[in-house]
Each structure stands twice: as C-alpha cells, then as structure tokens.
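Using the working numbering, the letters of the sequence shown correspond one by one to residues 1 to 214.
No wet-lab data here; the hints were simulated from the structure. Where hints are given, some of them may not hold.
[Claimed, not checked] 30 Å max Cα-Cα, derived DSSO-like pairs, lysine-lysine:
id	residue 1	residue 2
1	Lys-213	Lys-83
2	Lys-141	Lys-83
3	Lys-213	Lys-173
4	Lys-83	Lys-173
5	Lys-141	Lys-213
6	Lys-141	Lys-173
[Claimed, not checked] Estimated spans, in silico, between C-beta atoms of each pair:
id	residue 1	residue 2	range
7	Glu-177	Ala-110	19 to 29 Å
8	Asp-174	Gly-143	32 to 42 Å
9	Asp-70	Thr-112	30 to 40 Å
10	Arg-121	Ala-92	30 to 40 Å
11	Ala-92	Arg-48	18 to 28 Å
12	Ala-78	Pro-153	13 to 23 Å
13	Ser-93	Arg-121	31 to 41 Å
14	Phe-122	Pro-49	26 to 36 Å
15	Gly-206	Pro-84	22 to 32 Å
16	His-111	Gly-206	28 to 38 Å
17	Gly-206	Ser-178	33 to 43 Å
18	Gly-206	Gly-180	28 to 38 Å
19	Glu-116	Pro-49	31 to 41 Å
20	Ala-92	Ala-205	17 to 27 Å
Cβ atoms here follow ideal geometry from the backbone N, Cα and C, with glycine treated the same way.
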Amino acid sequence: MAGALAVPGAVSATSRLGRPLTARDLKPMTQPPLPRTTVALTSPKVVRPDLLRQAMASLSRHGSRIPNRDRIAIADFAAPSGKPRFHFIDLASGRSTSLLVAHGSGSDPAHTGYLERFSNRFGSNASSEGAFVTDDYYVGKHGRSQRLIGLDPTNDNALDRAIVVHSAWYANKDMIESHGMLGRSQGCFAVGERDLDQVFARLGAGRMIYAAKV
Numbered sequence: 001m002a003g004a005l006a007v008p009g010a011v012s013a014t015s016r017l018g019r020p021l022t023a024r025d026l027k028p029m030t031q032p033p034l035p036r037t038t039v040a041l042t043s044p045k046v047v048r049p050d051l052l053r054q055a056m057a058s059l060s061r062h063g064s065r066i067p068n069r070d071r072i073a074i075a076d077f078a079a080p081s082g083k084p085r086f087h088f089i090d091l092a093s094g095r096s097t098s099l100l101v102a103h104g105s106g107s108d109p110a111h112t113g114y115l116e117r118f119s120n121r122f123g124s125n126a127s128s129e130g131a132f133v134t135d136d137y138y139v140g141k142h143g144r145s146q147r148l149i150g151l152d153p154t155n156d157n158a159l160d161r162a163i164v165v166h167s168a169w170y171a172n173k174d175m176i177e178s179h180g181m182l183g184r185s186q187g188c189f190a191v192g193e194r195d196l197d198q199v200f201a202r203l204g205a206g207r208m209i210y211a212a213k214v
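Go ahead and model the full structure; you've got the sequences and the hints to work with.
Right, dumping it as structure tokens:
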C-alpha cells in the first residue's frame, strides 16, 4: 500500500483560499460512495470494533465534507501513548498500519501516558475528540505540518487553535525506551520524525482523522 502513495513534495504557507479555512468553507457535495468492499467492522486486526463503528458512522455523517473516502485514520486515545494507536486504514482492502502519536499536555496533566480528557477550548493544550478533515500542508514552527478542520462541536476550534499534524522528537520511538511513554503536544497529532513522510502519504488532503477514547 505504501509503495503506491506519493509523499507531498511541496507545502504552502497559506490555505488555498488565502485565509484560514473553517468547516463552513467545505461546501456540501454529492456524497462519494464508500469503496465497494469495505473493511470488516469486527476485524480485530484493524482497530477495536466499537471505535471502528464510531469512525465509520462519523465518515457517513460527514461524507459531504470529506472528498476522499478511500482511506481513514483513527487515533485510539484509549490506548497509552507508548503503544501504536494512530491507525491508517485502507477501506477497500482492510489493510492497516499503526504508528505512534502523542496527545496534548492538557489531556494528560500528570503525564501518565494516558489521555484523561478532551477539550475544544483555546489555551487548553488538550487533544480534541471527533472527526477532522485534512487540509493543506505548510511549513511552520514545527516544520512540515498539515492543517486540520474539525467537523464536530467537540473539535470545531481545531483550525483556529492550530491543531495540526506534525513531527516531534518527543514522539520518536526512543522516548518509549527511555521514559516508557511519549512526550505531549499542545493538542496536535504529533508523530515521530521518521514517520512523518509516511503519515503525509497515507493522509493526503480531504481525508478523515477520527479521534476518540472508547
């Protein structure tokens, strides 16, 4: 699967509209169909069934705002940060890849490695729950990054909060060897530095990330 995916070679400093996007900018369209053969919702090899069912229901609910529905990503924040819990799923084949991802410091104030709570509030430094649609790439204070637009009331401040996908040293695998867990972000989906190209290739623009703790 990975061999067929291209890593974006260029990033932009502004959104395609020349200003920050909001969920309202995503005009409803004819809802694209799901792949003819979709991943079995009971498959333990992909992700926990209850969480996968929630994600698929969210994909259906927000389908008119998610142009590309062939692949999704699910952040299983019930799992500890030391476990691969960022699941990238090809809905046609059922194949998946799971990587490490950090949660926000506001979601885990005592730094236990477990997400305790979500927040959509400015200044919370917490991860947000719900469906996001991936937007454009840019270079910011964390290097190459990808903007996200929150589609639910629980995460609709994501764009203005600058909740993005980026890499970070504290999300590298060696953090687990030395600390037993990853470090924490300010609410972003922070992945390992060596994983960023793969994450960008699997996500692209216009796909869903679903974050929850079930």
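Okay, the hints, checked on the actual structure:
Of the pairs offered as hints, the one joining Lys-213 and Lys-83 holds, with about 14 Å between alpha carbons and a cut-off of 30 Å not exceeded. Simply put, Lys-141 and Lys-83 have alpha-carbon atoms about 26 Å apart, close enough for the 30 Å limit, and the pair holds. Distance restraint check for Lys-213 and Lys-173: the Cα-Cα separation of roughly 22 Å lies within the 30 Å cut-off, and the hinted pair is therefore satisfied. A C-alpha spacing of about 10 Å is found between Lys-83 and Lys-173, which places the hinted pair at or below 30 Å, so the restraint holds.
Straight-line distance between C-alpha atoms of Lys-141 and Lys-213 comes to about 28 Å, which keeps the hinted pair within the 30 Å bound. Using a Cα cut-off of 30 Å, the hinted pair Lys-141 and Lys-173 holds, with the two alpha carbons roughly 22 Å apart. Evaluation of the 19 to 29 Å hint for Glu-177 and Ala-110 yields a pass: the beta carbon distance comes to about 21 Å. In this structure, Asp-174 and Gly-143 break the distance hint of 32 to 42 Å, their C-beta atoms being roughly 19 Å apart.
Between Asp-70 and Thr-112 the beta carbons are some 36 Å apart, a value that agrees with the proposed interval 30 to 40 Å. Distance hint check: the CB atoms of Arg-121 and Ala-92 are about 38 Å apart, consistent with the given range 30 to 40 Å. For the pair Ala-92 and Arg-48, the beta carbons lie near 21 Å from each other, so the given range of 18 to 28 Å is met. For Ala-78 and Pro-153, the hinted distance range of 13 to 23 Å is satisfied, since their beta carbons lie about 21 Å from each other.
At roughly 39 Å, the beta-carbon separation of Ser-93 and Arg-121 lies within the given 31 to 41 Å, and the hint holds. Roughly 34 Å separates the CB atoms of Phe-122 and Pro-49, a value that falls within the hinted 26 to 36 Å. Between Gly-206 and Pro-84 the Cβ separation comes to about 25 Å, which falls inside the hinted range of 22 to 32 Å. The supplied range of 28 to 38 Å is met by His-111 and Gly-206, whose beta-carbon atoms lie about 34 Å from each other.
The hinted window of 33 to 43 Å between Gly-206 and Ser-178 holds, with their beta carbons roughly 37 Å apart. The hinted window of 28 to 38 Å between Gly-206 and Gly-180 holds, with their beta carbons roughly 36 Å apart. A hinted range of 31 to 41 Å for the beta carbons of Glu-116 and Pro-49 is inconsistent with their spacing of about 24 Å. Distance hint check: the CB atoms of Ala-92 and Ala-205 are about 19 Å apart, consistent with the given range 17 to 27 Å.
In terms of the numbered hints stated before, the structure departs from hints 8 and 19, listed from lowest to highest.
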